[in-house]
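So the protein sequences, as listed, match chains A and B.
Note that the working numbering has the first sequence beginning at 16, numbered continuously upward.
Note that the working numbering has the second sequence beginning at 16, numbered continuously upward.
The hints are simulated quantities; they were obtained by calculation from the structure and are not laboratory data.
Using N, Cα and C, we set each Cβ at its ideal position, and we do this for glycine too.
Hints may contain errors.
If you want a taste of the chain B side facing chain A, the calculated C-beta under 7 angstroms gives, among others [said to hold, decoys possible]: (1) 29; (2) 67; (3) 101; (4) 340; (5) 341; (6) 550.
2 protein chains.
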Amino acid sequence: MKIAIAQLNYHIGNFAENGRKIIEAVQRAAEKSADLVIFSELAISGYPPRDFLEFNDYITQCNEAVNEIAKHCVGIAAIVGLPAFNESKKAKPLFNSAAFLFEGEIKSLTNKTLLPNYDIFDEYRYFEPNNVFECIKFKGKKIALTICEDLWSLTDNPLYTLNPMDELIGQHPDIMINIAASPFNYKQTKIRKEVLKRNARKYKLPLFYVNHVGAQTELLFDGGSMAINSKAEIVGELAYFEEDLKVFDLEETENKTATNHYEDPGEIASIYKALVMGVKNYFGKLGFTKAILGLSGGIDSAVTAALAAEALGAENVYNVMLPSRFSSMHSVDDSLQLAKNYGMPYDIIEIENAFNTFESTLKPYFKGLPFNIAEENLQARTRGVILMALSNKFGYILLNTSNKSEAAVGYGTLYGDMNGGLSVIGDLYKTQVFDLARYINRVGELIPYNIISKPPSAELRPDQKDSDSLPDYDILDEVLYQYIEHRKGPREIIAMGFDGALVNRILKLVNTNEYKRYQTPPMLRVSTKAFGMGRRMPIVAKYLS
Amino acid sequence: MKIAIAQLNYHIGNFAENGRKIIEAVQRAAEKSADLVIFSELAISGYPPRDFLEFNDYITQCNEAVNEIAKHCVGIAAIVGLPAFNESKKAKPLFNSAAFLFEGEIKSLTNKTLLPNYDIFDEYRYFEPNNVFECIKFKGKKIALTICEDLWSLTDNPLYTLNPMDELIGQHPDIMINIAASPFNYKQTKIRKEVLKRNARKYKLPLFYVNHVGAQTELLFDGGSMAINSKAEIVGELAYFEEDLKVFDLEETENKTATNHYEDPGEIASIYKALVMGVKNYFGKLGFTKAILGLSGGIDSAVTAALAAEALGAENVYNVMLPSRFSSMHSVDDSLQLAKNYGMPYDIIEIENAFNTFESTLKPYFKGLPFNIAEENLQARTRGVILMALSNKFGYILLNTSNKSEAAVGYGTLYGDMNGGLSVIGDLYKTQVFDLARYINRVGELIPYNIISKPPSAELRPDQKDSDSLPDYDILDEVLYQYIEHRKGPREIIAMGFDGALVNRILKLVNTNEYKRYQTPPMLRVSTKAFGMGRRMPIVAKYLS
């Protein structure tokens, strides 16, 4: 039996385009003599459709599209993920389902049992869990079909009390198929392989696994679909970060030993690819081509510009330098050099006049109070206004250049440098931004070394340095990582050897700045715990604040 | 037996203060000879604690606080909601629990079975559902204790497959107690009463119900705790929108017939109280006292100012009028009159200089292109910068004045008039804002009639009217309501008699402006479907866009 894995980049709610892509892949798989072609979880709707799932009209359109795809499944079978109505009219109204299409029709539906409802996942919001287990019979083989999370409860400390494969194995299946929507983070590729191999090992069955690829707003799907034989060897992988289709012969994969593995390029290289894809798909799926951003001379905007140039083409990334009286000369020079290195268009727009006008407008109301955070923010907001005006005039999307360290502690100006349609590096701690800059420069000095080597500064008052207000990033980032990614409390972090007063100060900054993060753009997610949809905090709360 | 209901306003994560309030209420109940005093769901942590529940430190502090409360339960018993560790180390790590405190210790824990995971609720994200059912025995009575949603699956089309009271009723309980966290919306008060009465009727048992009161960021808890006898008559209610404690004698409530009901003041009056409480608690719990807002001369900012004056005291609401060359004279006059009617401080700050400076700064880059949305937004953003500068200088919180109609269709400027720490009327359609203005004026002309009667305008270009770009609000609001509150698709809305092209245009506006709503402040929630935590949409999607 030949099984094709079709790893595609879907567009949420674009039933016509998703359907067209799927039908085209069915035809390509048929041309390669595949008996069966598999598509990922909720393929037809895109993942995650979120509250569109509450619209009957949306579900109906998904079902209409899958019925249309079924007509093309003649001589070849397909498995396609879709949201399906729970016909019983009891419990929740939907299942997260996989349609088995053959002979021009939907032969059966298999529903998802384990519904992830943590971090960025909200599946229990929409779906009723499955409790009926039946293998699919096809061409003399029994297929144990599961959906994503269904294979992820094989630990000593399981999140779920039920395990779908334990239910199915009694029916003596020949093959496992898992259709997934497993988003990237820089730890996920390894973990995913381990989990899938553990299943093959436990059940002594080959496993064909298909994942999404492409970005859905902040979520980045890396693909990496694969075939694993019953000896738990990965015998073939599909591409990472791009669409792919591969056909596997079941007999061959069983006799093959592991070869031809995807070379893991390491965390930073994967992050780079993920972010480039994230920018590219955000613009592409929204129908935009051009970005604008403010180049400050610092590393955050430099790395953002570099990523955007790779994603959109340098000619589509408009860089604006907005110096004030506090900007050092090298800030503009370094930014100019960066723009020139990439061949990106740029302009230098002084903010002095606008800033002065605001100062004089506000003078009677400021009552002689000294220069403080109000004037600092005023500069950042003046820049924000200019960038947004250009964005509005010419249809650019403004890229946000904040990093995770400053988003965490609120070191940024709301409606100023926190503006943007998309935050490109908002899930990278400052220390990771430096790593990424060095990675970008692996081929030469694209980002001027001076940008990487100088001490970080917001340049909003004379001789300002980040280190005036913040701990060293090495320490700050580690404390933040323990608190945000590992949900350690202050007592646990202090017990790791960090200074108590420092830890309490950092955690207080994180919690009292929740209101700022509430209003920031979506951040491309590359970590196990990103700000945004995966981290939900009350604004009004007293804990650690 | 005497049962006290303690309806309190908790502060999320403020264990010391919540604990102090609870202990003080235990003492007051004991003084009134109560045998038992009941507190609401997750009382000790505040509701909703959201992802703080992922911190072991947070749960540990909740448990420490409840152990401290237990020490004060001597001669009186108490039921207190708290998050509790799932000791089995299987499945999810927590239960949403109710501790029964007596004789100085925690006698038992009862866990929640039905975990709401829709709209603003995420309980399945944190909690394992209960599957053990046992009544509490106390002073010769059996108490069937349930938590909020546990009583809410009594319909013909149940959301859950299990019903906790059906499990408990076999143990022949004498009393039902339900501890809740049931947020307000303008339909909820009636529905809640019906659901609770239906339970009393079905199980032929008295029911003592305790709810939260007070605002938690955008969620508004109205209180309305109550006692219902076994004839399903409401025999006593606690206050709405304020803390309260009442003691009920079980024998008396059984013999009593319904009297003394809370007079439902109607939707608009309830909304008014809810929003005032929302503003008051947002400021109070964050430790702020003063608000700033921009008064445009329109109805949205006028109503927002009126609500803020009621919540914070007129002297704490600083109104700034920011006229431009396009502002009509009456806009400033009407705003002045409003400020004077309330005795609110105000200033008039012309934006002409700042706007001109931006125009001349941008002139070389705008390349002679005509005045358009870029210049309109520029005015709104100039105002935003000035308001934020004053906010930063003096520690005011900026109030956002957007309404739900404009938030829905994106008729507002990101980083301009969409700024603010809190959106006060963001869950009210424009037509409801008019209703609220008339309600506020029930005692006299507080909001100048001219503000209510003139046609809405953004005044960002000459002679602009909202009706130039938007359908009449009567029609717009009805289409939006069907789409947002009822999740009707275009086919269903058109079938109701609305013009097809108009419906498609409106829904497209809603969906293409998701990116703007992503960055708006939290909106005080008064409807069954508010923007924000209860409505989760992808930004990048093709459906209806």
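Going through the hints against the structure:
Interface hint status for residue 29 (chain B): upheld, as the beta-carbon distance to the closest one in chain A is roughly 4 angstroms, under 7 angstroms. The closest approach between the C-beta of residue 67 (chain B) and any C-beta of chain A is roughly 6 angstroms, which is under the 7 angstroms cut-off, so the hint is satisfied. The interface hint given for residue 101 (chain B) is violated, since its Cβ lies 11 angstroms from the closest Cβ of chain A, which is over the 7 angstroms cut-off. Checking residue 340 (chain B) against chain A by beta carbon gives a least distance of about 15 angstroms; that is not within 7 angstroms, so the hint is violated.
Using the Cβ-Cβ criterion of 7 angstroms, the hint placing residue 341 (chain B) at the interface with chain A is not satisfied: the shortest such distance is roughly 17 angstroms. With a cut of 7 angstroms, the hint placing residue 550 (chain B) at the interface with chain A holds, because the nearest CB-to-CB distance is about 6 angstroms.
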